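Position chain B against the provided structure of chain A, taking the given hints into account.
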Amino acid sequence: MNRKLFFGLLICLVFNAGLYAQKTNIDTVAVAILDRMSHMIGDLNSCHVTVKSNYDIQSQHLGLVKHSDEEQLYMEGPDKLLIRATGDRGDRNIFYNGQSLSYFSVETNRYSTIALLAPIVEMIDTVHKLYNIDFPAADFFYPTFVDDLLSESQYLIYLGMTKVDGKDCFHIAGKMPDKTFQFWVSDDGLNLPLKMVIVYTSREMSPQYEAVLSDWQLNPVFPPALFEFTIPPKAKTIKLIKAPTKK
Amino acid sequence: MKSTFYIFLNYVLIFVLFFILIFPSPIRAQRFNHSNYSGGGKPAGGAPAQNFNRPSTSPAMSRPSQPPVQTRPTQPAESHVSPPQNQQYRATINGGSYNNNHDYNRTANQNVAAARPPVNTHQEVTVRQNVTVHENVNVYHNHYQPAHAYVYHPYHPYYWGHNWHPIGFVAAALATDAIVLSAANHQYYYDEGVYYQPAPGGYSVVPAPIGAIVSSLPPGSETTMVGNDYYYYYGGTFYVNTGNSFQVVNAPFGAVITQIPDGAVQQDINGETFLVYNNTYYQPISQDGQDAYQVVQVN
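Keeping their order, the protein sequence lines are chains A and B.
All residue numbers for the first sequence refer to my numbering, where the first residue is 1 and numbers rise by one.
All residue numbers for the second sequence refer to my numbering, where the first residue is 1 and numbers rise by one.
The following block holds chain A by itself, in its conformation from the complex (with noise of 0.2 Å):
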């Protein structure tokens, strides 16, 4: 009875070991494209875009609900950066000016600054691990973008050509354990991203993340002081608590 069990186990390891294996499957066109767009943020020295985001909370009683969120981005290299944001969660800034971080809720009229020395995707991780503050679009401006998605992604497909806003558009999707996700890069010669998909399949009733980018702004000169926080009149200091460490 044991042995037999025991060659059971065996041959579903076995099994299990030959789907893995073969559920990996990279479009060499795609990360060429995905290579080109990154190699294309990476060489902007500053830059302007408009996110728009539509994504799913779960509703104990609604089941997904769509929210929306539109954040003007405004960074700067190598350690500048504001994002203003309106939408479901309220209005809100972040300033960065490369040596401390203001988050800002324009509706409490609070606000709390760190101190923080980092170029901006630096600054953008270690604020995401510290205090699990997001920000708009950030993996597009990851310098290992690319080999990011990689690393974990069994699929990775150039589908074909589309038009997002009226422009062409590369389409390219892919798969990773717990998510799908798409993206639309444009076939303009800047190759920018122009839109983001995710679908979490691995979460109750697979809640999804859209982001919209437009108005992108190539190297625009921004003045110093646009990144500098004024402390409003009244304000009031909150602090950021850290968030738990992640095992």
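Hints are computed from structural coordinates only; laboratory data are not their basis.
Predicted model, so just to flag it, every value in this text is computed and none were measured.
There may be inaccurate statements among the hints.
[To be verified] Here are the simulated SDA-like cross-link-like pairs (lysine to any residue), alpha carbons at most 20 Å apart as the crow flies: (1) A:Lys163 to B:Ile285; (2) A:Lys52 to B:Ala184; (3) A:Lys163 to B:Val151; (4) A:Lys242 to A:Asp165; (5) A:Lys163 to B:Gln287; (6) A:Lys167 to B:Gln287; (7) A:Lys129 to B:Ser35; (8) A:Lys163 to B:Gly289; (9) A:Lys52 to A:Val199; (10) A:Lys66 to B:Arg31; (11) A:Lys167 to B:Asp288; (12) A:Lys167 to B:Ser286; (13) A:Lys52 to B:Phe32; (14) A:Lys167 to B:Gly289; (15) A:Lys163 to A:Lys129; (16) A:Lys129 to B:Asn33; (17) A:Lys163 to B:Val256; (18) A:Lys129 to B:Phe32; (19) A:Lys129 to B:Arg31; (20) A:Lys163 to B:Ala149; (21) A:Lys167 to B:Ala149; (22) A:Lys163 to B:Ser286; (23) A:Lys66 to A:Asn54; (24) A:Lys163 to B:Gln290; (25) A:Lys129 to B:Ser38.
Frame of chain A; chain B shown alone:
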């Protein structure tokens, strides 16, 4: 009493704001794991070409220490965060992309590889390896006939008029002007885009024999372009124009057609429903807002 209430309300507001800050929506955070990112700038030297069959590893980082910079917060800093040690950083927004040099398996200059991926030539076999959609369904796509996204729509069997019959239909008699033709040492009767063979009780409709040549196609045939080639489609059969006639060919991968005859079978592959007709897989798609199907290859 009133002031106590306001103090309490104040604490509640602060707590709510903390909650929003600390626990943002789980799908709003950085949405991919950036395991290869360890902070800092572009590593010196090129990383080795990446093998797509294995997960990439973090690029080797050269992390020269940065000259100390005076921190002069202009705003009251309530807390201080020590990020990873910074190093020489390009004055770009992210220090420059430093994804591994990915091997596109080509000898051409990789810098131009992504400008417009060549997907319409035979060389694509060497350029695009293992291109698979929906796990087992290979999709052919090129500049003229790109792969369309899967868009499910219900299957409605199509009939091309009174003289058209699906495979398996038995006609007691054939029209007097039915054409006798032979293909692969078998004799067939052809009438109005339908192929028959003698069967008990009359003549049975059979799949069009590959290679058969007919002089004309009935009205209602549609034209589809794959690559630089035109194909003609009628009653579930694809043809090429050979000059003064039309020859039956296998369904070309990538061809888009609008109707599928009666007799197709739906098959679910990884949660997506394909139609199988005459051993050909058709993927439901949407083209110009209309329901359509694209011929795909299934391994």
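A quick look at each hint next to the structure:
For the proposed pair Lys163 of chain A and Ile285 of chain B, the alpha carbon gap of about 15 Å is at most 20 Å, so the pair holds. Using a Cα cut-off of 20 Å, the hinted pair Lys52 of chain A and Ala184 of chain B is violated, with the two alpha carbons roughly 60 Å apart. Restraint check for Lys163 of chain A and Val151 of chain B: the C-alpha separation of about 16 Å stays at or below 20 Å, so the hint holds. About 39 Å separates the Cα atoms of Lys242 of chain A and Asp165 of chain A, which puts this hinted pair outside 20 Å; it is violated.
This hinted pair checks out: Lys163 of chain A and Gln287 of chain B have alpha carbons roughly 12 Å apart, not beyond 20 Å. A threshold of 20 Å between alpha carbons decides the hint, and for Lys167 of chain A with Gln287 of chain B the separation of about 17 Å falls inside it, so the pair holds. A distance of roughly 12 Å separates the Cα atoms of Lys129 of chain A and Ser35 of chain B; the hinted pair therefore holds under the 20 Å criterion. A hinted pair counts as satisfied when its Cα atoms are at most 20 Å apart, and Lys163 of chain A with Gly289 of chain B qualifies at roughly 13 Å.
In summary, the hint linking Lys52 of chain A to Val199 of chain A is supported, as the alpha carbons are separated by about 17 Å, within the 20 Å threshold. Between Lys66 of chain A and Arg31 of chain B the CA atoms are separated by roughly 18 Å; this keeps the pair inside 20 Å, and the hint holds. Of the supplied pair hints, the one linking Lys167 of chain A and Asp288 of chain B holds, its CA atoms being roughly 15 Å apart against a limit of 20 Å. As the CA atoms of Lys167 of chain A and Ser286 of chain B are separated by approximately 18 Å, the hinted pair is consistent with the 20 Å bound.
Distance hint between Lys52 of chain A and Phe32 of chain B is fulfilled; the C-alpha atoms sit about 19 Å from each other, no more than 20 Å. For the given pair, Lys167 of chain A sits about 17 Å from Gly289 of chain B by alpha-carbon distance, which is consistent with the 20 Å threshold. Taking the CA atoms of Lys163 of chain A and Lys129 of chain A, the gap is about 35 Å. The hint is violated against a cut of 20 Å. For a cut-off of 20 Å, the pair hint linking Lys129 of chain A to Asn33 of chain B stands: about 11 Å separates their Cα positions.
This hinted pair checks out: Lys163 of chain A and Val256 of chain B have alpha carbons roughly 18 Å apart, not beyond 20 Å. Pair hint Lys129 of chain A plus Phe32 of chain B holds up; C-alpha atoms about 13 Å apart against a cutoff of 20 Å. Between the alpha carbons of Lys129 of chain A and Arg31 of chain B the distance comes to roughly 12 Å, so the proposed pair stays at or under 20 Å and holds. Under the criterion of a C-alpha separation no larger than 20 Å, the hint pairing Lys163 of chain A with Ala149 of chain B is consistent with the structure, at around 12 Å.
This hinted pair checks out: Lys167 of chain A and Ala149 of chain B have alpha carbons roughly 17 Å apart, not beyond 20 Å. A C-alpha spacing of about 13 Å is found between Lys163 of chain A and Ser286 of chain B, which places the hinted pair at or below 20 Å, so the restraint holds. Of the pairs offered as hints, the one joining Lys66 of chain A and Asn54 of chain A holds, with about 6 Å between alpha carbons and a cut-off of 20 Å not exceeded. Of the supplied pair hints, the one linking Lys163 of chain A and Gln290 of chain B holds, its CA atoms being roughly 16 Å apart against a limit of 20 Å.
For the hint pairing Lys129 of chain A with Ser38 of chain B, the CA-to-CA distance comes to about 12 Å; that is within 20 Å, so the pair holds.
Against the hints set out earlier in the document, violations occur for numbers 2, 4 and 15.
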